[in-house]
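> What follows is each chain in one-letter form.
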Amino acid sequence: MSRRILEGKGVAKSFGGLMALRQIDFVLEEGEIVGLIGPNGAGKTTLFNVVSGVYPPDRGELFFDGRLISSLKPYQICRLGIGRTFQIVRPFLKMTCLENILISLIGRGERGKTLEEKKKEAREFLEFVGLRNRENSLAKDLTLIEKKRLEVARALATKPKLLLLDEVLAGLNPSEILQALELIHVIRTQMKITIFWIEHVMGAIMKASDRIIVLDQGEKIKEGKPEEIVSDPRVIEAYLGESNA
Amino acid sequence: MMKTWISLPLIFLLIFLPFFLSQYWLHVMIISLFYVMMASSWNLIAGYTGQISFAHAAFAGVGAYVSGMLAVNIGIPPWLGIFVGTFVASLLGVGLGYLCIRMGGIYLSLTTLGFSEILRIIITNEDRWTRGTMGLQIPGFFTEYSKMSYYFLFLIVSAVFLFILYRLIHSEMGLSFRAVLNDELAAASSGIDTIRVRILAFTISSAMAGMAGGLYGHYLMLITPDIPSLGQMFLVLAMAVIGGMGSFIGPILGAFVLEVLSEYIRIYGEYHVLLFGLVALGVARFAPEGMVGVIKKRWKVKESP
Chain A
1 MSRRILEGKG VAKSFGGLMA LRQIDFVLEE GEIVGLIGPN GAGKTTLFNV VSGVYPPDRG
61 ELFFDGRLIS SLKPYQICRL GIGRTFQIVR PFLKMTCLEN ILISLIGRGE RGKTLEEKKK
121 EAREFLEFVG LRNRENSLAK DLTLIEKKRL EVARALATKP KLLLLDEVLA GLNPSEILQA
181 LELIHVIRTQ MKITIFWIEH VMGAIMKASD RIIVLDQGEK IKEGKPEEIV SDPRVIEAYL
241 GESNA
Chain B
1 MMKTWISLPL IFLLIFLPFF LSQYWLHVMI ISLFYVMMAS SWNLIAGYTG QISFAHAAFA
61 GVGAYVSGML AVNIGIPPWL GIFVGTFVAS LLGVGLGYLC IRMGGIYLSL TTLGFSEILR
121 IIITNEDRWT RGTMGLQIPG FFTEYSKMSY YFLFLIVSAV FLFILYRLIH SEMGLSFRAV
181 LNDELAAASS GIDTIRVRIL AFTISSAMAG MAGGLYGHYL MLITPDIPSL GQMFLVLAMA
241 VIGGMGSFIG PILGAFVLEV LSEYIRIYGE YHVLLFGLVA LGVARFAPEG MVGVIKKRWK
301 VKESP
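Same order as they appear, the protein sequences are chains A and B.
First residue of the first sequence? That's 1 in the numbering used here, and the numbers climb one at a time after it.
First residue of the second sequence? That's 1 in the numbering used here, and the numbers climb one at a time after it.
Hint data in this document are derived by calculation from the structure and do not stem from the laboratory.
Don't take each hint at face value.
[As the list claims (entries may be wrong)] Cross-link-like lysine to aspartate or glutamate pairs, in silico, DMTMM-like; alpha carbons within 20 Å at most:
1) B/K297 with A/D141
2) A/K94 with B/E184
3) A/K192 with A/D141
4) A/K9 with A/E30
5) A/K161 with A/E146
6) A/K94 with A/D65
7) A/K159 with A/E30
8) A/K9 with A/E223
9) A/K225 with A/E61
10) A/K73 with B/D183
11) A/K140 with B/E126
12) A/K9 with A/E61
13) A/K120 with B/E172
14) A/K94 with A/E61
15) A/K161 with A/E30
16) A/K120 with A/E135
17) A/K94 with B/E144
18) A/K113 with B/D183
19) A/K119 with B/E172
20) B/K296 with A/E61
21) A/K207 with A/D232
22) A/K73 with B/E184
23) A/K159 with B/E172
24) A/K94 with A/E146
25) A/K94 with A/E110
26) A/K140 with B/D183
27) A/K159 with A/D216
28) A/K140 with B/E289
29) A/K94 with A/E30
30) A/K94 with B/D127
31) A/K192 with A/E61
32) A/K94 with B/E117
33) A/K192 with A/D65
This structure is a prediction, so every number in the text was calculated from the model and none was measured.
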């Protein structure tokens, strides 16, 4: 059996009276690609925010690489090896692409590397996502797909063991989706990074994931292989509403 | 290349200009340099990390009073005193920063505003030590008073400040500052300890204000609660905003222009601060990048007609 890289035990989070997450248990094994799906408001992004430390869970515990992380701050969790992208992309708009990546490299807190060495490394990440020719453009001048690529490169530059991708495919056209899937494939196979991703583009997530977790109204209603998910009546009900038949 | 062509003649001008200036204009230049230090160091926190602090003049007051009172009461020479003043200002900076930076935004502004007023009231009321609004007479740096010596002292310290600020802004630390300003959550998710970065910027900036205040006090040789007053604070704010917040040149330009301008409208008394406040508001609304932003835009238009 392979190693558990991320484990959540009874994770709960509410905002005022709204229970965004109710006692979620889940496990991610090293090297997996796990999809997280569910209708709007199911608590998917909340789960990502709790994992990455944006807010601590009200109850429950989170373990990363066997280490309790539920009380750590976002920058500490990032340094341990969890990188993330945001649903609404959040590049540093008034900074160049190169500077955007540099921040992640600086955030790693490695000593003994000069800024020039870090710039060189940052260019490799830009090259990897195909933005090398844009290194001196301000992030605000990029197109949506370029911003998304920058966001992924920025997350990768933190050298994560686990990557949380929040709707990276949303807003992309079919050929761009194919390119993005190719990128995800490379991240997994060449960089050996475990991937946990939220997606609404069903075809893509079903094809690319090893396993799928389905959330609905803050609860985990189903977990399993993609083919098991698509035929599960509870999942269909959560997405399409109760059948009257 | 461009930069060298502009800065070389500027350096020559700054070195040789004082020999052609009257005592009065020399005084204006010295005060301008004080404001260059104040506005540029305030720009580090406000322009580069987005924390609008109102305690900057208060820290200058701390520097001036600590150094001044040490000189008057126990005879510590001003050369040493200003370093003690700087140290005390930076300690207060760490303390205040630690307290209110977690709150962020408007709360930071309110807390620093409160701190600033409390400090001014203490200085005004504890007249046994500070002589209150009558002002405390303190010794100067030089045994033989000469505006020329002060000019060069202020010029050298300003240059050192600007050099430090420039290096800081263009270092990894400076990149982190800008990342925090751009998007705090994204910075934290990239592994940046945003609280530490902001406290660090606040402390460096406070220390610089303390040093500038100390120099200013020993130049005037009479320190009053006007130094840590909000009037002074808003003048510094107006200089940074009108010159161009978040740019390196902006506050320098703003400090010179506003100080020289205020000499001409001095006859209207305290109203000049009000006027600058209104202009700063207008600039913040219609030209958020200040004079530097406007000049840059013009330049671009000329380049590509």
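> Can the restraint linking A/K207 and A/D232 be considered satisfied, given a maximum Cα separation of 20 Å?
This hinted pair holds, its Cα atoms lying about 17 Å apart.
> What's the verdict on A/K140 and B/E126, does the C-alpha distance respect the 20 Å limit or exceed it?
violated, 53 Å
> Under the criterion that the straight-line Cα-Cα distance not exceed 20 Å, is the pair A/K161, A/E30 satisfied?
holds, 9 Å
> Is the hinted pair A/K225 and A/E61 satisfied, with a Cα-Cα distance of at most 20 Å?
violated, 25 Å
> What's the verdict on A/K94 and A/E146, does the C-alpha distance respect the 20 Å limit or exceed it?
holds, 15 Å
> Compare the distance between the alpha carbons of A/K113 and B/D183 with 20 Å, and conclude whether the hinted pair is satisfied.
Roughly 25 Å separates the two Cα atoms, so the pair is violated.
> Does B/E172 lie within 20 Å of A/K120 when you go C-alpha to C-alpha?
Cα-Cα ~14 Å, so holds.
> Assess, step by step, whether the Cα of A/K9 is no farther than 20 Å from the Cα of A/E30, and give holds or violated.
holds, 18 Å
> Run the distance test for A/K73 versus B/D183: straight-line Cα separation, threshold 20 Å.
OK: A/K73 and B/D183 at ~16 Å, within 20 Å.
> Going straight from one Cα to the other, do A/K94 and A/E30 come out at no more than 20 Å?
At roughly 36 Å apart (the allowed maximum being 20 Å), A/E30 and A/K94 break the hint.
> Measure nothing beyond the straight line between the CA atoms of B/K296 and A/E61; if it is 20 Å or shorter, mark the hint as holding.
Given that 20 Å is the threshold and the Cα spacing comes to 53 Å, the pair is violated.
> Within a Cα-Cα threshold of 20 Å, do A/K94 and A/D65 meet the stated pairing?
Since the Cα atoms of A/K94 and A/D65 sit roughly 35 Å apart, the hinted pair is violated (cutoff 20 Å).
Checked against the numbered hints above, the structure breaks hints 3, 5, 6, 9, 11, 14, 17, 18, 20, 25, 27, 29, 30, 31 and 32 and satisfies the rest.
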